[in-house]
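Chain order of the listed sequences is W and G. For the first sequence, position 86 matches number 82 in the numbering used here, and the numbering has no gaps at all. For the second sequence, position 176 matches number 172 in the numbering used here, and the numbering has no gaps at all.
Keep in mind that the hints were calculated from the coordinates and are not lab data. Here a beta-carbon is modelled for each residue, glycine too, at the ideal position from N, C-alpha and C. A portion of the hints provided could be inaccurate.
[Claimed, not checked] From the structure, some residues in chain W lie toward chain G, with a derived Cβ separation under 7 Å:
#, residue
1, A7
2, I22
3, G27
4, P112
5, V113
6, A124
7, S127
8, L162
9, K183
Number of protein chains: 2
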Amino acid sequence: MSQRPQTSPKALTEVEDRFIAQWGEISALWGVNRTVGRIHALLYLSRQPLDMETITKRLQISHGNCSTSIRDLLAWNSIRRVHVPGERRVLYESEQDPWTWFHACIRERRRREVVPVVDAMHEITDHAKLSADAADAAGSPEAGDLHDAFERIARFAKFMDEFQDLIDAFLAVGAGPLGKALRTVAKFVPKAR
Amino acid sequence: MSQRPQTSPKALTEVEDRFIAQWGEISALWGVNRTVGRIHALLYLSRQPLDMETITKRLQISHGNCSTSIRDLLAWNSIRRVHVPGERRVLYESEQDPWTWFHACIRERRRREVVPVVDAMHEITDHAKLSADAADAAGSPEAGDLHDAFERIARFAKFMDEFQDLIDAFLAVGAGPLGKALRTVAKFVPKAR
DNA sequence: CGGTATTGTCAGTAAAGACTGACAAGTCAA
DNA sequence: TTGACTTGTCAGTCTTTACTGACAATACCG
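Please work from the sequences and hints to get the whole structure.
Encoded structure:
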């Protein structure tokens, strides 16, 4: 409980803190909890796997929060459990190649968010088509508007399909050598504007 | 003020509502306010530009909320103001091509979020390098750890640079014919897994 | 210009999301 | 198995974000 003086100004801690804070901001920006991002950053920087107590002390968070955040990171395949023989505590480590990590994130996001949304769009499109045709058959005055709505909805559904194709193409070339080559090419594409 | 009965069950309204709700969810998923997404969806579906009162009634939101959301949509270049001569009210309409809209979104996101973050990463990398070299010069025991941290941070900064190149390449091919051709190609890239 | 219809702003409030800490459940050495 | 240590869960609380509605500012008509 007593206030111990800092053992040293700790240049290392300061460097790490900046990076951790920044990664937290980036995460928040992309819809990921800030704390989740900070833990990930800490593990990415660490030379060896860390246990929960070390993480909670370093980032000043409760172990409940830490436990939940780690569950998230595991679900996103951003970190791995490490078991050390003769050690009760569970340790965690992060993937060290950012592109491999990013690739895993995109795959997960595709699975959770893109696929369900694409499916929902198809259902909505089908429903719109049925409504429009039914209005035709009934000679309803809405028929024209319904066909128009169907066309706009179908156009958006097609966009979503193509968007998913783009993601699939990215996942196919992946974090490996082909992906690396393409990213090198990207560097030399003449900029717009 | 009196309760008028619905004029009809309105198949059109139901079709629109489904699409609007879904777009709202998609928006929320990508860090955009749900209401902002719903207004955008409504304008995308509408055959003619709409004024604020129509939007507030249709989506059951306050005009304050609507005003703020429309400001956001304008800032994202997702909708346009339309002035009709001899009409006091301002009308709004949405871009009708989803890829053109998406392109504008990405450009804006790059400007607001990617560029500042890439810059911050460079600063952090420089700072880490300076600290590591200073520790070397001082013969500090932290020197090894600092060089290690610098390497990891630099690796991530490089990833961010490449990520930005990828976005720039996308923006360069754009929503035009070249982009369309590439999206067609994407469709036939063999899938991973 | 004065009057009115429309839009913008923002303080206060409501809703959603994140965090803590107490307790439960699980794990492992002895 | 027991007992100590570690991790998981979740009700309650705190923080952040979204929304409403009253008032202010603006634009346009006659």
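Cross-check of the supplied hints:
1. A7: 5 Å, holds
2. I22: Holds - the Cβ of I22 (chain W) comes within 7 Å of chain G, reaching about 6 Å at its closest.
3. G27: 5 Å, holds
4. P112: 9 Å, violated
5. V113: 6 Å, holds
6. A124: 5 Å, holds
7. S127: 5 Å, holds
8. L162: Holds, because the Cβ-Cβ distance from L162 (chain W) to chain G comes to roughly 5 Å (cut-off 7 Å).
9. K183: Because about 5 Å separates K183 (chain W) from the closest Cβ in chain G, which is inside the 7 Å limit, the hint holds.
Violated hint for the displayed structure: number 4, the only one.
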